[in-house]
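Engineer: Residue numbers (the UniProt record's numbering), protein chains in the order written: chain W, 1 to 69; chain S, 1 to 69.
Since the hints were made in silico from the structure, they are not lab data. Mixed in with the good hints, there may be bad ones.
Which copy is meant is left open, so a pair is good if it fits within one copy or across any two.
Claimed, not checked - Here are the simulated DSS-like cross-link-like pairs (lysine-lysine), alpha carbons at most 27 Å apart as the crow flies: (1) Lys7 to Lys17; (2) Lys7 to Lys57; (3) Lys17 to Lys45; (4) Lys55 to Lys7; (5) Lys57 to Lys17; (6) Lys26 to Lys45; (7) Lys50 to Lys17; (8) Lys26 to Lys7.
Predicted model, so just to flag it, every value in this text is computed and none were measured.
Protein chains: 2
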Amino acid sequence: MATVTLKVEGMSCGHCKSAVEGALNKVKGVEQAQVDLEAGTATVKYDEQKTDLEKMKQAVEDQGYDVAS
Amino acid sequence: MATVTLKVEGMSCGHCKSAVEGALNKVKGVEQAQVDLEAGTATVKYDEQKTDLEKMKQAVEDQGYDVAS
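One chain only, chain W, in its complex shape:
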């Protein structure tokens, strides 16, 4: 299991938090995703055998947010 903190741009409210957490938690291999709205980050615990950073970024971007690389 690994943990990564993504810098997510454009999250402004509780709905955004839910959208990003929901999208990340749906990625196969993600065990837990938690957004810190004030920090503008999403911290993700995931199984490196099953997913990777690219898939997580894509899930967030599909919700309309930018992920700083």
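Chain W is fixed; fit chain S onto it per the hints.
Structural biologist: Quick look at chain S alone, frame taken from chain W:
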């Protein structure tokens, strides 16, 4: 049919717009609700025989936003 523009505080993104419009459109007697995110307003076309300002304000506040009176 009457039209009122509510000043809604705290809307920050497209999700907020959807939440407020959705809540207003569910009020019986509301024909059409439209949020202008930049202006921070919700303009509502409604039937005065079926609803009133208080019910519309309540619907918006139930979503977690303040309506300036």
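Engineer: Does each hint fit the structure? Answer for all of them.
Structural biologist: Hint-by-hint comparison with the structure:
| no. | hint | in the structure |
| --- | --- | --- |
| 1 | Lys7 to Lys17 | both (13 Å within a copy, 24 Å between copies) |
| 2 | Lys7 to Lys57 | within (10 Å within a copy, 36 Å between copies) |
| 3 | Lys17 to Lys45 | within (16 Å within a copy, 31 Å between copies) |
| 4 | Lys55 to Lys7 | within (15 Å within a copy, 40 Å between copies) |
| 5 | Lys57 to Lys17 | both (15 Å within a copy, 25 Å between copies) |
| 6 | Lys26 to Lys45 | within (13 Å within a copy, 39 Å between copies) |
| 7 | Lys50 to Lys17 | within (24 Å within a copy, 36 Å between copies) |
| 8 | Lys26 to Lys7 | within (19 Å within a copy, 36 Å between copies) |
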